[in-house]
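A.B. asks: Chains A and B, in that order, are what the protein sequence lines are.
Each residue of the first sequence is one higher than the last, beginning at 14 in this note's numbering.
Each residue of the second sequence is one higher than the last, beginning at 14 in this note's numbering.
Do not take every clue at face value.
Where chains are identical, the list cannot tell them apart; a pair therefore holds if satisfied intra-copy or between any two copies.
The calculated lysine-lysine pairs, modelled on DSS-like cross-linking and capped at a C-alpha distance of 25 Å, are [claimed, not checked]:
id, residue 1, residue 2
1, Lys74, Lys210
2, Lys55, Lys84
3, Lys160, Lys202
4, Lys68, Lys178
5, Lys202, Lys234
6, Lys202, Lys37
7, Lys89, Lys218
8, Lys41, Lys84
9, Lys178, Lys89
10, Lys55, Lys202
11, Lys218, Lys41
12, Lys152, Lys210
13, Lys74, Lys152
Worth flagging that the hints you see were computed from the coordinates, not collected in a lab.
2 protein chains.
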Amino acid sequence: MYRMVQFIIPPAPKTAKARAGRPKDASKKAGIIRAASSLFMKDGFELTSMEAVAKKADVSKLTIYSHFANKEELFKAIIHQRCDQQAMPECFMALAHLPVEKALIDLGHRLTSLIFSPDSLRLQRVMQAEATRHPQIIKIFFEAGPKRVRVAFGELLAEWVRQGKLRVDDIPVATEQYFSLIKGEMHQKALMLLAPKPTARELNKHIRAAVTLFLSGYQVKAGRS
Amino acid sequence: MYRMVQFIIPPAPKTAKARAGRPKDASKKAGIIRAASSLFMKDGFELTSMEAVAKKADVSKLTIYSHFANKEELFKAIIHQRCDQQAMPECFMALAHLPVEKALIDLGHRLTSLIFSPDSLRLQRVMQAEATRHPQIIKIFFEAGPKRVRVAFGELLAEWVRQGKLRVDDIPVATEQYFSLIKGEMHQKALMLLAPKPTARELNKHIRAAVTLFLSGYQVKAGRS
DNA sequence: GTAATACTGTACTTTTTAGTACAGTAAATA
DNA sequence: TATTTACTGTACTAAAAAGTACAGTATTAC
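Using the sequences provided together with the hints, build the complete structure.
C.D. replies: In structure tokens:
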């Protein structure tokens, strides 16, 4: 039964068919998305009202409903858009020929500045809050964001193993460990508003400690079997 | 102005003064707390209605309002109560004379079975969802739960350092690293309902890997300065 | 120019829920 | 027994928000 889906022809490809009459205003839609984005990120799904979105976008409420079927669809559109923004430039492999320690520290800085950015924290908070009510969205978010980064890191690790710089039995496990150490508990606290943004000094110390521990487990030392 | 608060005498210490008339029924209150607890943990603050609590506790809505001023107070009472339950038996020091590796693995199992328990996951989810609206409660939750456990673990590490089994420069950092590794990303996924409960085998492997990495960084090897 | 569609503003319906009013009953103290 | 307080059930108020109806204006394709 499921196989058949692959052969179904998409129902009427009415793309930019210019269907007679005044066309929709793309700038209106963009304005709605911008307004909704900031409100959803600030207040979450439940506490953001469509009226507030309309007001902030300087648009009639009915205009919103002409672009998005309902509140859920609007929310999904916002999350999709923000996930795309969050994607990291996949330039991990460029680090493959640096000294391992330096590369890991550099990466640590880039990752922390991403995940501690106000936007990322807000998105993460909203996702967690809505986890039970929007499980599909969470999945999209995870695949588009965290997962891609981890895959790229795994490939970098594999390259270093090939170069004989690291000794890693289980790459997925090591990847998870690196990210766990880099995130640490500061991230959890930042999510819960329990800690102010860490200072540059704190971050530096944190990242160095994480990389040191990671390398003590995986770096190839002179004179090993 | 604020200082004065410290000197204000508590307004009439009517403790168990038996203030004439029918006394409040403690079992009603307990029933309300029990019902509210399960509902708040399931649906969070906003989506739990007082009517639902009343119905589940088999009690009149007004009875709830006679025991708790409003919904927020009821919620706070629930969180307090659950925090107290979550506290781990502080028997960490009993592990001080076991072999370090065995102790860390044992501890890892206890910690994971705590934080992956349905109750803990639910509490954590509710806390995260309500973080922005109830910052004071979050603080209480953190001090009563996670923080106490970390302090106890830090003392255990210090004891091992004293015994010459470990070499740890910065105990808070090492503590954070241990907990980060033990929690890993599985916990995050479990919170977001992205992963089913990990199997015993997976947990075992995960904990072993975490402890191995931790010890490779902090265990004293024969023949070191 | 005409028909079709987009957009606006206002007002409305519907639903949900926190919190209250009230009238009555039950259980304790004095 | 009289009084005071706890509890119940029903019905209510008030507010908030999703979504719709409608009447009118603006903008485009044909």
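A.B. asks: Please go over all the hints and tell whether each is borne out by the structure.
C.D. replies: Cross-check of the supplied hints:
{"no.": "1", "hint": "Lys74 - Lys210", "verdict": "neither (37 Å within a copy, 43 Å between copies)"}
{"no.": "2", "hint": "Lys55 - Lys84", "verdict": "both (16 Å within a copy, 23 Å between copies)"}
{"no.": "3", "hint": "Lys160 - Lys202", "verdict": "both (22 Å within a copy, 11 Å between copies)"}
{"no.": "4", "hint": "Lys68 - Lys178", "verdict": "neither (57 Å within a copy, 64 Å between copies)"}
{"no.": "5", "hint": "Lys202 - Lys234", "verdict": "neither (36 Å within a copy, 34 Å between copies)"}
{"no.": "6", "hint": "Lys202 - Lys37", "verdict": "neither (44 Å within a copy, 40 Å between copies)"}
{"no.": "7", "hint": "Lys89 - Lys218", "verdict": "neither (38 Å within a copy, 36 Å between copies)"}
{"no.": "8", "hint": "Lys41 - Lys84", "verdict": "within (17 Å within a copy, 40 Å between copies)"}
{"no.": "9", "hint": "Lys178 - Lys89", "verdict": "neither (43 Å within a copy, 53 Å between copies)"}
{"no.": "10", "hint": "Lys55 - Lys202", "verdict": "both (18 Å within a copy, 23 Å between copies)"}
{"no.": "11", "hint": "Lys218 - Lys41", "verdict": "neither (46 Å within a copy, 53 Å between copies)"}
{"no.": "12", "hint": "Lys152 - Lys210", "verdict": "between (28 Å within a copy, 16 Å between copies)"}
{"no.": "13", "hint": "Lys74 - Lys152", "verdict": "neither (30 Å within a copy, 39 Å between copies)"}
Hint check: violations occur at hints 1, 4, 5, 6, 7, 9, 11, 13; the rest are consistent with the structure.
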